[in-house]
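*Asks:* Please build the complex by placing chain B on the supplied structure of chain A, with the hints as guidance.
So you can see what is in the structure, the chains are spelled out below.
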Amino acid sequence: AQSVSQHNHHVILSEAASLELGCNYSYGGTVNLFWYVQYPGQHLQLLLKYFSGDPLVKGIKGFEAEFIKSKFSFNLRKPSVQWSDTAEYFCAVSSNTGGFKTIFGAGTRLFVKA
Amino acid sequence: NAGVMQNPRHLVRRRGQEARLRCSPMKGHSHVYWYRQLPEEGLKFMVYLQKENIIDESGMPKERFSAEFPKEGPSILRIQQVVRGDSAAYFCASSPVGAEAFFGQGTRLTVV
Numbered sequence: 035a036q037s038v039s040q041h042n043h044h045v046i047l048s049e050a051a052s053l054e055l056g057c058n059y060s061y062g063g064t065v066n067l068f069w070y071v072q073y074p075g076q077h078l079q080l081l082l083k084y085f086s087g088d089p090l091v092k093g094i095k096g097f098e099a100e101f102i103k104s105k106f107s108f109n110l111r112k113p114s115v116q117w118s119d120t121a122e123y124f125c126a127v128s129s130n131t132g133g134f135k136t137i138f139g140a141g142t143r144l145f146v147k148a
Numbered sequence: 024n025a026g027v028m029q030n031p032r033h034l035v036r037r038r039g040q041e042a043r044l045r046c047s048p049m050k051g052h053s054h055v056y057w058y059r060q061l062p063e064e065g066l067k068f069m070v071y072l073q074k075e076n077i078i079d080e081s082g083m084p085k086e087r088f089s090a091e092f093p094k095e096g097p098s099i100l101r102i103q104q105v106v107r108g109d110s111a112a113y114f115c116a117s118s119p120v121g122a123e124a125f126f127g128q129g130t131r132l133t134v135v
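Heads up: the sequence lines are chains A and B, in that order.
My numbering puts the first residue of the first sequence at 35, with every later residue one more than the last.
My numbering puts the first residue of the second sequence at 24, with every later residue one more than the last.
Keep in mind the hints are simulated off the structure, nothing from the lab.
Nothing here was measured: the structure is a model prediction, and the numbers come from that model.
One thing to keep in mind: the hints can contain errors.
Claimed, not checked - Cut-off 35 Å, straight-line C-alpha distance, at most; resulting in silico cross-link-like pairs (DSBU-like, lysine-lysine):
| id | chain 1 | residue 1 | chain 2 | residue 2 |
| --- | --- | --- | --- | --- |
| 1 | A | Lys83 | B | Lys50 |
| 2 | A | Lys105 | B | Lys94 |
| 3 | A | Lys83 | B | Lys74 |
| 4 | B | Lys67 | A | Lys103 |
| 5 | B | Lys94 | A | Lys135 |
| 6 | B | Lys50 | B | Lys94 |
| 7 | B | Lys50 | A | Lys135 |
| 8 | A | Lys92 | B | Lys85 |
| 9 | A | Lys95 | B | Lys94 |
| 10 | B | Lys67 | A | Lys92 |
To be verified - Quick list of the computed label-pair ranges, beta carbon to beta carbon:
| id | chain 1 | residue 1 | chain 2 | residue 2 | range |
| --- | --- | --- | --- | --- | --- |
| 11 | B | Gln73 | A | Ser86 | 22 to 28 Å |
| 12 | A | His43 | B | Arg45 | 28 to 34 Å |
| 13 | B | Lys85 | A | Ser114 | 44 to 50 Å |
| 14 | B | Arg43 | A | Gly75 | 21 to 27 Å |
Even glycine gets a Cβ: it sits at the ideal position worked out from N, Cα and C.
Chain A on its own, in the form it takes in the complex (with noise of 0.2 Å):
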């Protein structure tokens, strides 16, 4: 069946700490995966994507990801996080196989301490 697991549901770090969420998938045919994030009271925003090309994707704020297609795994990191980085990440892919619905992992809150 298809999944998607992220590793991590809490994470607490201090501001100027790098950051590392991993997220696996299980699926098969090409994939599109994505990281997105919610801010609290917010809805979700789109982070990154990746489609094709060049796996380790830039995304917005800071944040990228690397794509291992051997290891089936888009993990999402940033160097130096901020307290305002605080809130829950999404890992999330969508295949051809899948008829292109996008499937969820569970989500990772990270809390960024000041």
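*Replies:* Frame of chain A, contents of chain B only:
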């Protein structure tokens, strides 16, 4: 181009009533998704629709829940005879085929 519009933003229903949640996709988007977000849980896929067609409803509860996306007008998620466990945030997203989904602000349903 307005974003994905959901209404109402907040909806309170008594147990046993019906809840209707509306979603207008972005202009030019032919695909609509509905997701449910429960407290402390992630986004759960419910249903995926194209105009006048349900493509995938594998995440929809078998009873009381239905969804439609008519040729004209918004997509509707309908919950009949609501129970307390239906209280959640319901998000709608739309996309062109094969591209990223854009989300609405959500409808927060509270069943009292």
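*Asks:* Now tell me, hint by hint, if it's right for this structure.
*Replies:* Tested hints:
1. A:Lys83 to B:Lys50: holds, 21 Å
2. A:Lys105 to B:Lys94: Judged against 35 Å, a Cα distance of about 42 Å means the pair is violated.
3. A:Lys83 to B:Lys74: holds, 26 Å
4. B:Lys67 to A:Lys103: With a Cα-Cα distance of about 25 Å, the restraint between lysine 67 of chain B and lysine 103 of chain A holds, given a limit of 35 Å.
5. B:Lys94 to A:Lys135: holds, 20 Å
6. B:Lys50 to B:Lys94: holds, 14 Å
7. B:Lys50 to A:Lys135: holds, 19 Å
8. A:Lys92 to B:Lys85: Distance ~41 Å between lysine 92 of chain A and lysine 85 of chain B Cα, so the pair is violated.
9. A:Lys95 to B:Lys94: Measuring from Cα to Cα gives roughly 38 Å; hence the hint is violated.
10. B:Lys67 to A:Lys92: holds, 27 Å
11. B:Gln73 to A:Ser86: 22 to 28 Å: Since glutamine 73 of chain B and serine 86 of chain A have Cβ atoms about 24 Å apart, the given range 22 to 28 Å holds.
12. A:His43 to B:Arg45: 28 to 34 Å: holds, 32 Å
13. B:Lys85 to A:Ser114: 44 to 50 Å: holds, 48 Å
14. B:Arg43 to A:Gly75: 21 to 27 Å: holds, 23 Å
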